[in-house]
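Assemble chain D onto chain P, guided by the hints.
Protein chains: 2
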Amino acid sequence: MSKMDEELERRASLVSGAIGELLPLVRPEGLYQAGRHLVDAGGKRLRPSMLLLAAEAVGANPVPLVPAAVSIELIHNFTLIHDDIMDNAVLRRGKKAVHVIWGVSGAILAGDTLYSKAFQILAAVPGDPARVLASMDKMSQTCTSICEGQWLDLEFEQKDRVTEAEYMEMIEKKTGVLYGASAWIGAMLGQATLEQVRALEEFGRLTGMGFQIQDDVLDLCVPATVLGKKRGGDLVEGKKTLIMIDAISKGVELEIFGKGQASPQEIEEAIAVLEKAGSIEYARRRAMELVDRGKRELSVVPDSPVKSLLLELADYMISRGY
Amino acid sequence: MSKMDEELERRASLVSGAIGELLPLVRPEGLYQAGRHLVDAGGKRLRPSMLLLAAEAVGANPVPLVPAAVSIELIHNFTLIHDDIMDNAVLRRGKKAVHVIWGVSGAILAGDTLYSKAFQILAAVPGDPARVLASMDKMSQTCTSICEGQWLDLEFEQKDRVTEAEYMEMIEKKTGVLYGASAWIGAMLGQATLEQVRALEEFGRLTGMGFQIQDDVLDLCVPATVLGKKRGGDLVEGKKTLIMIDAISKGVELEIFGKGQASPQEIEEAIAVLEKAGSIEYARRRAMELVDRGKRELSVVPDSPVKSLLLELADYMISRGY
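Heads up: the sequence lines are chains P and D, in that order. Sequential numbering of the first sequence, starting at -2, is according to the numbering used here. Sequential numbering of the second sequence, starting at -2, is according to the numbering used here.
Keep in mind that the hints are not guaranteed to be accurate.
Listed next, the stretches of chain P that the computed footprint assigns to chain D, with coverage defined by at least 3 CB atoms under 8 angstroms from CB atoms of chain D [said to hold, decoys possible]: (1) 15 to 28; (2) 94 to 107; (3) 123 to 130; (4) 148 to 158; (5) 177 to 188.
It is worth saying that the hints were derived from the structure and are not from the lab. All values derive from a computational prediction rather than experimental measurement. Note that CB positions come from ideal geometry on N, CA and C, so glycine has one too.
In isolation and in its complexed conformation, chain P is listed as follows (with noise of 0.2 angstroms):
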């Protein structure tokens, strides 16, 4: 286990540990538990472990901050299971969908139980009142952002044709903000400088939008076993990935593009024709000049071991092999 996976971990298990406390199984139970579905199984709780990082690098003690950042992971939970109810997905984290356990309504409301925990969790978190609540506030946009962005989503299976402006418009508002958010939060929480706060946001959303260029090039090159999900399945629903729109730009034509379904063989012939394109690698470069822009924005913090474990991370998000 690298340094880094190591340092990830503590702050996980932190995150995890507070979950039981701050979201316990009660009356009803079968809603808690359809909304503890996702949250259990895990994941790398990058967010949360961001936000932690953020306080840290501005000097701040991230223990009391805990229940912050499980806000943070909670509402990204949330999406998490609204989105598998809209894209028809079955599987997540290698578990069934919410709604595929619960049904429709049951994975609506799990959801939206979620998104309320979130919000009365940051409002319990100790501090100065004003600083929460423009903790609440930032949530509140960023949620606004997320519903956007998946809107844009959605409108793009319609769409023949998707720039890459349009592209980047949208993964900034469905995944960039959020890390945008959980870096301001623990900034603003930390009692960082109003520079700082605007500095470590600015990180987190360029380095979550390069987080999802790489969870695009993801899904063509991770085995479905590692992955929790089908391999190449954006390629078969016709999702206009950065990799599609700079294949697309180049004359590329895949059979199987948005035919619902193809077999594995097919799937690897296509991933080998965009790899021949030079799309993935395309996507890759963009995805490394966002997160370098990023870091870039951290001058205004102070060198500090947990600055670099934040430089670390960035790295991390595009290169991690799942």
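Chain D alone, transformed into the frame defined by chain P:
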């Protein structure tokens, strides 16, 4: 138009006017059109009016609190949009339900957007940050309760038998708490004492429960053209309302209960049976008792014309014809 109607109309138009500003039709327009669809269809705006009246009753100027009232209305509309998906409802306020026009995905997102916008708008209300933060906390707790109430309501569909106590818990969570929160937030932001805040919340909670029981009564007693949805719909859907719980306890059996459909004549006959059993009258009386208990809570609020209005509002909520 009665004096009460005029007073409500005045506050409703303050709220409706502010919605255009606070929830503009920005990009992506489709998302905000879907979000505004039911909001713009109006309704009586009883919850926001209760918020404003609670503030006025403790001596506050209601105008700066109009955004807080809007946020309550958005939360209410978010729950309507999501509930209509779950209940497979086609009509609402005489218009097509959101999911009928924008699909399930669009309706999920429109609801989620109103949810976050409500918190965003509430966070920006001017005032002592500690009181605004406390209001955000109350709002989030309330949303959690509403989800729990809706979950219980869905569970009732699977149950053979629902007790009156279970029904009361469900309507408290699904409807009572939002009226309670409306009065609580109006009082809190209106600088009320904590005793007054608590009493006004109780007033809202109890009258809100009365309102919900009356709503079940109206489903049986108001023509579809006025109700904006099919009359007797609860009966054919097999909803365990207080009326049906009472009727079942009296050994009444309705052919059409839960049958999914029935002719208008069959519905009329079923309603006549419930009238004769005294079950509709029983529900009316329980609603009245709740409202009376609510009104008694207001003893800690000094007498004033606005307090009289609040007391009238309570009666209005269970006497309205639609």
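**OP:** Identify every previously stated hint that the structure contradicts and give their numbers, smallest first.
**Re:** 5
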